[in-house]
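Line order of the protein sequences matches chains P and U. Going by this note's numbering, the final residue of the first sequence carries number 412, and the count climbs one at a time with no gaps. Going by this note's numbering, the final residue of the second sequence carries number 365, and the count climbs one at a time with no gaps.
These aren't lab readings, by the way, just hints derived from the structure by calculation. Honestly, I wouldn't trust all of these hints.
[What the hints assert, rightly or not] Partial chain P-side listing against chain U, Cβ under 7 Å, derived: (1) Leu159; (2) Arg246; (3) Asp317; (4) Thr330; (5) Pro332.
Each residue gets a CB set at the ideal place from its N, CA and C atoms; glycine is no exception.
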Amino acid sequence: MMRPSQIALTTFYWAFIVYLFLPLALMVVMGFKDSNFIGFPINAWTTRWYLQVFQDTAVLHAFGYTLLISIVSTALSLVIGTWCAVFLGPARFWGRALVFAVMCLPAVIPGVISAISMRIFIRAIGLEPGTGAIILGLTIHNVPFVALMVLSRLGAMPRSQVEAARDLGADSLVAFLRVTLPFLFPSLLGASIFCMLLSFDDFVRAFFLGGYQPTLPVLIFAELRSGMSPAINAISTVVLVVTAALGLWAERATRRLKGTRS
Amino acid sequence: MHRQSTIARFTDVTKRFGRNVAVDRLDLDIAQGEFVTLLGPSGCGKSTTLRMLGGFETPDEGRILLAGEDVTRLPPNRRDVNMVFQDYALFPHMTVASNIAFGLELQGLGLGAIDARVGELLELVQLGSFRDRMPDQLSGGQRQRVALARALAREPKLLLLDEPLGALDAKLRGQVQIELKALQQRTGKTFLFVTHDQEEALTMSDRIIVMNAGRIEQDGTPEELYHQPRSRFVADFIGETNLFACQVRGSEDGRVVLDWNGILLRAAGSVESLGGRTAVEAALRPESIRLTSERPDQANALRMRIVRRVFKGSRIDLDLEAQDEPGGNAGLKASPDPAAIEALVGDTVWASWDPGRLAILQA
């Protein structure tokens with residue numbers, strides 16, 4: 151027997167799940183529809199949209215380009231973010247809170263604002279819109295996430311770890327490379343997956359800072375304007391599956407690593 | 003104090019954290035091959051003293067010498083000392099062997115030499131078959147031994163141990179104490195050990211340095227500290243004790259006569275050594291008190307009634323109250339051997355002790 155409050159909660163939960171997944175499910179289903187128009191009823195099924203997508207060089211190029219941008223910006227964010235965290239972690243200096251706030255700011259500024267200001271900025275320093283500009287914009291946006299994740303892991307690291315390394319003859323650089331960095335590994339893995347996902351599906355920065363070559367989200371947007379086609383559903387489904395799989399794997403991997411290695 | 007071949011020397015060392023003085027003008031010599039324990043309550047400066055020798059804290063004043071060399075401002079990686087940390091600080095991403103090899107690699111030893119030395123150390127701590135385990139696959143006692151092997155790997159001049167037994171359960175701790183002492187004697191290394199556990203200090207040390215509020219309260223062998231505490235702090239901190247607030251009455255047969263609430267007690271020593279003090283405190287260990295039914299032929303003998311009796315297995319703790327004496331409410335604690343005492347609560351007995359066991363405190 152369920153009490154009324156439990157029934158209400160359960161109903162609400164399932165309603166939320168439907169609300170969350172129905173649009174996604176609809177998108178996936180439509181990608182298999184054998185017709186040029188999106189919508190019900192579905193009379194025939196096909197996988198030709200997928201074949202078409204995988205043969206479309208524009209899509210493949212955009213995919214590769216987005217992947218490259220994501221990887222480079224993630225790598226930069228990891229280095230800068232880890233540096234920020236290590237710098238801020240143990241230090242107790244005047245103005246620490248201010249430095250911390252400034253570091254976190256890019257994460258909370260609305261994307262449009264930061265993208266437009268970056269656009270003005272790159273023009274001011276004589277940089278052309280394009281690959282470099284997008285990477286710059288994404289890196290600045292990602293650094294706070296890396297720094298926060300690394301900081302929390304750093305907080306869980308006993309002071310004695312680095313002291314033991316120093317005690318056994320390591321200078322501060324060797325101690326960082328051989329003891330601190332391996333300890334941070336789970337959070338670095340988690341942060342890099344998170345940054346990859348953030349960068350890969352970023353539209354606003356790629357749109358404002360990009361040159362002639364479109365990233366995948368920009369390409370999809372451009373194709374949408376020329377009319378909805380189930381091909382877009384196919385692209386989106388592929389991206390959805392890949393990112394969801396990556397996200398789930400990363401979540402499990404970091405949890406397992408933190409469990410055994412702390 | 004001068005001993006042969008001093009390995010480490012603190013001269014007038016002071017360390018402050020903000021306004022708090024952690025270590026206050028400390029002078030300390032540690033001789034080659036000694037097992038020295040810094041003993042005291044938390045916040046007494048014992049860990050700070052250890053950490054200054056390790057290089058993790060820098061003194062505000064004074065100098066620290068290690069084998070004659072001034073190491074006061076040297077970073078930890080350039081000192082010939084190694085530390086066993088309270089939480090062991092094993093590197094979680096390395097195997098047991100890699101943990102032990104860490105310091106050897108940084109010394110620039112060849113792979114073969116490292117491998118041989120790691121094997122040797124694993125044998126020393128009896129963990130030969132645990133070479134490829136990860137630290138999280140070891141028990142607390144095994145981790146402690148790996149930490150010990152790792153710290154010994156570089157043949158340090160001095161081994162620092164920061165409460166390394168605190169995380170072990172009571173039974174294991176007793177066993178590890180014996181092992182640690184045996185290891186120290188076998189290797190001939192100088193050990194500087196920090197603990198707040200007086201029993202641990204008594205079990206293992208050649209010499210105990212009792213610290214309080216950043217200063218040394220007393221420096222001596224375990225026996226000296228136990229039977230001749232210099233201060234009330236030491237008498238209180240180490241073991242159970244009876245404290246007597248007494249007036250000095252004079253001397254008699256080479257002994258000091260003390261007046262404790264009207265009861266006259268005799269203590270070893272001379273009035274001259276008291277430096278003119280007329281009011282002193284004296285300490286007496288409960289197990290130094292003998293209980294008899296007949297009046298013994300002893301300078302210190304009181305007729306007392308047993309008011310409480312607690313059986314502790316290897317001993318009995320008794321609370322005694324003085325009878326037929328001017329200070330009628332005067333109480334004592336005694337811990338006789340259970341086999342030697344049959345008296346029960348309410349019985350009246352004679353409590354007596356040797357004047358040599360009654361220690362007059364110097365502070």
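message: Min Cβ distance, Pro332/P to chain U: is it shorter than 7 Å?
response: holds (4 Å)
field: Agreement of hint Asp317/P with chain U interface, Cβ distance less than 7 Å
entry: holds (5 Å)
- prompt: Is the hint on Arg246/P kept, meaning its closest Cβ partner in chain U is under 7 Å away?
  reply: violated (18 Å)
field: Hint validity - Leu159/P Cβ closer than 7 Å to any chain U Cβ
entry: Result: violated, 39 Å to nearest chain U Cβ.
field: Cut-off 7 Å, beta-carbon criterion: hint that Thr330/P touches chain U
entry: violated (10 Å)
Hint check: violations occur at hints 1, 2, 4; the rest are consistent with the structure.
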